[in-house]
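As given, the protein sequences belong to chains A and B, one line each in that order.
Under our numbering, the first sequence has 282 at position 282, and the numbering climbs by one with no breaks.
Under our numbering, the second sequence has 207 at position 207, and the numbering climbs by one with no breaks.
The hints are simulated quantities; they were obtained by calculation from the structure and are not laboratory data.
In this text, all values refer to a predicted model and were calculated from it rather than measured experimentally.
Hints are not guaranteed to be accurate.
[As the list claims (entries may be wrong)] For the chain B half of the interface with chain A, some residues (derived, Cβ under 7 Å), not all of them: (1) Leu-57; (2) Ile-63; (3) Trp-83; (4) Arg-89; (5) Arg-92; (6) Arg-93; (7) Tyr-104; (8) Ile-106; (9) Leu-109; (10) Leu-118; (11) Leu-121; (12) Asp-177; (13) Glu-178.
[To be verified] If you want the ones that stay clear, here's a sample from chain A, every Cβ over 12 Å from chain B, calculated: (14) Ser-79; (15) His-124; (16) Phe-130; (17) Ala-133; (18) Gly-155; (19) Ala-226; (20) Thr-232; (21) Asn-245; (22) Met-289; (23) Phe-290; (24) Val-292; (25) Phe-304; (26) Ile-347; (27) Val-367; (28) Val-388.
Ideal placement from N, C-alpha and C gives every residue a C-beta, glycine not left out.
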Amino acid sequence: MISLAGRDILHAWGKFLFTGIGLGLLIGVTLTMAGVYRGMVDDAHVLLDNSGADLWVVQQDTLGPYAESSSLYDDVYRSIRGMDGVARAANVTYLTMQVRRTGGLAQRDVRAMVVGIAPDGPGHPGWPGFLVAGRHLTRGHYEAVADVASGFSLGDQLQIRRNLFTVVGLTRRMVSSGGDPMVFIPLKDAQEAQFLKDNDAIVRQRARTAANPALNRPNVPGLLDAVLAAQTTNPSVNAVLVQLNPGVDAEAVAEPIRRWKRFTVYTRAQMQEILIAKLIATSARQIAMFLVILAIVSAAVVAFIIYTLTLGKIREIAVLKLIGTRNRTIAAMILKQSVALGAIGFIVGKIAATFWAPVFPKYVLLVPGDALRGFVAVMVICVVASLVAIRAALKVDPAEAIGG
Amino acid sequence: MAEQTTEEPGIRIEGLGKRYGRGDTAVDALRQVNMSVAPGEVVGLIGPSGSGKTTLLKCLGAIIEPTAGTMTLGGEVIYDNGWRINDLRALRRDRIGFVFQAPYLIPFLNVTDNIALLPMLAGQPNREARRRARELLDALDVGHRALAMPSQLSGGEQQRVAIARGLVNRPPVILADEPTAPLDSERALAVIRILNDMARQFETAIIVVTHDEKIIPTFRRIYHIRDGITYEEQGEGRDLH
Numbered sequence: 001m002i003s004l005a006g007r008d009i010l011h012a013w014g015k016f017l018f019t020g021i022g023l024g025l026l027i028g029v030t031l032t033m034a035g036v037y038r039g040m041v042d043d044a045h046v047l048l049d050n051s052g053a054d055l056w057v058v059q060q061d062t063l064g065p066y067a068e069s070s071s072l073y074d075d076v077y078r079s080i081r082g083m084d085g086v087a088r089a090a091n092v093t094y095l096t097m098q099v100r101r102t103g104g105l106a107q108r109d110v111r112a113m114v115v116g117i118a119p120d121g122p123g124h125p126g127w128p129g130f131l132v133a134g135r136h137l138t139r140g141h142y143e144a145v146a147d148v149a150s151g152f153s154l155g156d157q158l159q160i161r162r163n164l165f166t167v168v169g170l171t172r173r174m175v176s177s178g179g180d181p182m183v184f185i186p187l188k189d190a191q192e193a194q195f196l197k198d199n200d201a202i203v204r205q206r207a208r209t210a211a212n213p214a215l216n217r218p219n220v221p222g223l224l225d226a227v228l229a230a231q232t233t234n235p236s237v238n239a240v241l242v243q244l245n246p247g248v249d250a251e252a253v254a255e256p257i258r259r260w261k262r263f264t265v266y267t268r269a270q271m272q273e274i275l276i277a278k279l280i281a282t283s284a285r286q287i288a289m290f291l292v293i294l295a296i297v298s299a300a301v302v303a304f305i306i307y308t309l310t311l312g313k314i315r316e317i318a319v320l321k322l323i324g325t326r327n328r329t330i331a332a333m334i335l336k337q338s339v340a341l342g343a344i345g346f347i348v349g350k351i352a353a354t355f356w357a358p359v360f361p362k363y364v365l366l367v368p369g370d371a372l373r374g375f376v377a378v379m380v381i382c383v384v385a386s387l388v389a390i391r392a393a394l395k396v397d398p399a400e401a402i403g404g
Numbered sequence: 001m002a003e004q005t006t007e008e009p010g011i012r013i014e015g016l017g018k019r020y021g022r023g024d025t026a027v028d029a030l031r032q033v034n035m036s037v038a039p040g041e042v043v044g045l046i047g048p049s050g051s052g053k054t055t056l057l058k059c060l061g062a063i064i065e066p067t068a069g070t071m072t073l074g075g076e077v078i079y080d081n082g083w084r085i086n087d088l089r090a091l092r093r094d095r096i097g098f099v100f101q102a103p104y105l106i107p108f109l110n111v112t113d114n115i116a117l118l119p120m121l122a123g124q125p126n127r128e129a130r131r132r133a134r135e136l137l138d139a140l141d142v143g144h145r146a147l148a149m150p151s152q153l154s155g156g157e158q159q160r161v162a163i164a165r166g167l168v169n170r171p172p173v174i175l176a177d178e179p180t181a182p183l184d185s186e187r188a189l190a191v192i193r194i195l196n197d198m199a200r201q202f203e204t205a206i207i208v209v210t211h212d213e214k215i216i217p218t219f220r221r222i223y224h225i226r227d228g229i230t231y232e233e234q235g236e237g238r239d240l241h
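With the hints as constraints, model all of the structure from the sequences given.
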């Protein structure tokens with residue numbers, strides 16, 4: 001038996017191809033949206049992986065350091081480092097801000113997560129796991145290692161708050177949960193960037209403190225200087241990252257820190273839950289809404305196209321019915337055309353998504369499983385969308401071929 | 001089951017009626033249709049607009065159901081105050097050929113497959129169906145266009161292909177609905193000549209519904225239909241060769 005659907009497609013291949021391309025671009029957008037969500041989840045996992053931590057010690061009753069601000073003293077890590085099961089513990093600060101490239105090159109602002117890392121050396125919690133160019137931080141101040149996604153190059157001068165940093169190393173896939181590239185700088189500099197006020201504010205604060213009779217007592221020399229010194233030092237960090245010895249139960253170490261040191265501690269699973277279920281939940285719902293709308297639009301487009309193509313063949317369908325073609329043969333013809341259109345659209349969409357995904361500013365992760373699910377969804381949509389056209393075709397009276 | 005008769009094959013219609021609606025609003029589109037067309041014979045069916053030609057054609061084509069009378073096709077009673085055939089679709093496919101005013105070829109099938117589609121639908125192997133289609137195309141002198149698409153054919157060629165499609169399953173009857181309407185005199189006469197030749201060659205009864213004054217003199221027998229009633233008269237039977 002002749003494939004009526006195949007012959008019709010071959011006969012009007014241009015119409016099918018261009019319609020398929022249009023539908024494909026729509027499917028490509030849908031696959032990309034799914035890829036954006038996967039990218040966000042992957043960014044969250046990468047953030048946790050790259051921190052090198054098994055436990056996150058943060059300010060009590062906060063979801064810090066990624067989901068909420070958290071502040072704790074920078075000597076907390078010492079007492080944690082001495083606990084049983086703890087291999088390493090390190091202070092860390094995170095601050096998402098605009099980092100400005102200065103110097104001879106064109107000035108450029110990049111939104112980045114500035115990570116302050118303790119001067120322990122590579123392999124310690126918080127440090128970038130690997131470099132793709134240059135070297136790690138070796139000096140205590142004014143050096144930076146940047147993710148390549150920031151667009152910075154070795155030797156670039158970066159302005160972070162009032163200080164200038166030189167990029168000495170480049171790393172890859174070190175991003176925040178929001179997909180912003182990371183810039184690693186020494187902890188002391190990061191603390192200053194995060195907590196130190198500007199000069200004018202410091203002057204005003206000194207004046208206010210000096211004007212306070214309780215802090216500026218004539219008969220207590222040195223009190224005012226001590227207060228001012230306390231106000232301008234930066235003893236806070238956002239979190240302490242803890243690495244455990246192999247085989248140690250994370251919860252067994254976390255529990256005493258919560259109980260006796262009065263901090264909130266998250267294990268890796270809990271931090272993953274915060275990042276994925278809380279931090280990107282709204283974005284995920286937003287993307288899910290887009291996916292639903294795009295699926296509906298795709299279904300409407302396929303239904304409209306197949307319905308229009310079918311209406312254009314009413315006379316031929318009447319002739320086919322008159323000469324004894326079974327309804328199921330006609331229904332199969334329309335169904336196959338719809339499915340073929342979906343298949344063309346999916347192939348175009350997959351290719352388009354693969355090509356344009358790397359151009360997106362945020363990481364787009366195209367997962368084979370999503371493509372498979374997308375293909376099944378497209379096929380289901382095409383089958384459902386063809387029902388309207390099939391109904392119209394089956395209602396055609398064979399007498400229409402005769403007229404009268 | 002269909003009831004077999006001892007009459008000759010072809011088509012015979014007796015007292016056929018078709019009523020639309022009920023009660024006061026009922027309309028009798030066909031009142032008393034009597035026709036008999038022998039195998040190999042071509043008859044004309046003529047009538048003014050609204051006389052019931054199209055309704056009769058639809059009844060003969062098993063597209064709509066008459067409300068009275070009998071129809072015998074190829075010696076088999078197919079209607080006797082009710083269909084005697086269960087599968088009307090198969091009846092149309094296998095035992096009735098259609099030729100329309102416009103060829104209505106399937107635009108996405110080539111000439112051969114337009115014809116071969118019918119036997120394929122009836123379950124014949126593609127190769128055999130195409131062989132029969134080629135034979136008919138050769139008989140109709142359009143064998144050289146076997147692989148062309150319908151849009152590449154002239155109007156006359158398209159109508160010949162449509163005739164071949166009507167003949168391909170060797171039906172005992174062909175219903176031709178104004179097959180020469182869009183053609184000039186020469187081509188119209190050529191089509192009627194082909195229909196006559198094919199009727200003789202394949203022993204098929206052909207009923208040609210027409211308004212076309214050019215071809216009416218070619219029929220040996222003509223049925224006039226007026227207000228749903230048929231009247232038979234002898235035609236001129238002008239020589240087509």
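Structure-based check of all given hints:
1. Because the beta carbon of Leu-57/B sits about 6 Å from the nearest beta carbon in chain A, less than 7 Å, this interface hint is met.
2. Below 7 Å, beta-carbon pairs count as interface contacts, and Ile-63/B has one with chain A at about 5 Å; its hint therefore holds.
3. Checking Trp-83/B against chain A: minimum C-beta separation of about 15 Å lies over 7 Å; hint violated.
4. Interface hint at Arg-89/B: satisfied, since its Cβ lies 5 Å from the closest Cβ of chain A, which is below the 7 Å cut-off.
5. With its C-beta approaching chain A no nearer than about 5 Å, Arg-92/B sits inside the 7 Å limit, and its interface hint holds.
6. For the restraint placing Arg-93/B at the interface with chain A, the shortest Cβ-Cβ distance is roughly 2 Å, inside the 7 Å limit, so the hint holds.
7. The restraint placing Tyr-104/B at the interface with chain A holds, with a minimum CB-CB distance near 5 Å, inside the 7 Å limit.
8. At about 5 Å, the closest approach between the beta carbon of Ile-106/B and any beta carbon in chain A falls short of 7 Å, and the interface hint on this residue holds.
9. Taking 7 Å as the C-beta cut-off, the interface hint given for Leu-109/B holds, the closest approach to chain A being about 6 Å.
10. Interface restraint check for Leu-118/B: the shortest CB-CB distance to chain A comes to about 6 Å, inside 7 Å, so the restraint holds.
11. Taking 7 Å as the C-beta cut-off, the interface hint given for Leu-121/B holds, the closest approach to chain A being about 6 Å.
12. About 6 Å separates the beta-carbon of Asp-177/B from the nearest beta-carbon of chain A, less than 7 Å, and the hint is met.
13. Taken as an interface hint, Glu-178/B does not check out: its beta carbon lies about 9 Å from the nearest beta carbon of chain A, beyond 7 Å.
14. No beta-carbon of chain B comes within 12 Å of the beta-carbon of Ser-79/A; the shortest separation is about 81 Å.
15. With a minimum CB-CB distance of about 70 Å to chain B, His-124/A clears the 12 Å threshold, and the non-interface call stands.
16. No beta-carbon of chain B is positioned within 12 Å of the beta-carbon of Phe-130/A; the least distance is around 59 Å.
17. Chain B leaves Ala-133/A outside its interface by the beta-carbon criterion, the shortest separation being 59 Å against a cut-off of 12 Å.
18. Every CB of chain B lies more than 12 Å from the CB of Gly-155/A, the least distance being 65 Å, so the non-interface label holds.
19. No Cβ of chain B comes within 12 Å of the Cβ of Ala-226/A; the nearest lies about 93 Å off, and the non-interface call holds.
20. Non-interface status of Thr-232/A relative to chain B is upheld: no Cβ of that chain comes within 12 Å, the nearest being about 83 Å off.
21. At roughly 72 Å, the least C-beta separation between Asn-245/A and chain B is larger than 12 Å, which holds for a residue marked as non-interface.
22. For Met-289/A, the shortest C-beta to C-beta distance to chain B comes to about 40 Å, beyond the 12 Å cut-off, and the non-interface label holds.
23. No Cβ of chain B approaches the Cβ of Phe-290/A within 12 Å, the least distance being about 37 Å, so the stated non-interface status holds.
24. Remark: the non-interface label on Val-292/A is consistent with the geometry, its nearest Cβ contact in chain B lying 36 Å away (cut-off 12 Å).
25. Every Cβ of chain B is farther than 12 Å from the Cβ of Phe-304/A; the closest lies at roughly 21 Å, confirming the non-interface assignment.
26. For Ile-347/A, the condition that its CB be more than 12 Å from all CB atoms of chain B holds, with the nearest at approximately 22 Å.
27. Every Cβ of chain B is farther than 12 Å from the Cβ of Val-367/A; the closest lies at roughly 39 Å, confirming the non-interface assignment.
28. In this structure Val-388/A is separated from chain B by more than 12 Å, as the shortest Cβ-Cβ distance comes to about 21 Å.
Violated hints, listed in ascending order, are 3, 13; each of the other numbered hints is respected by the structure.
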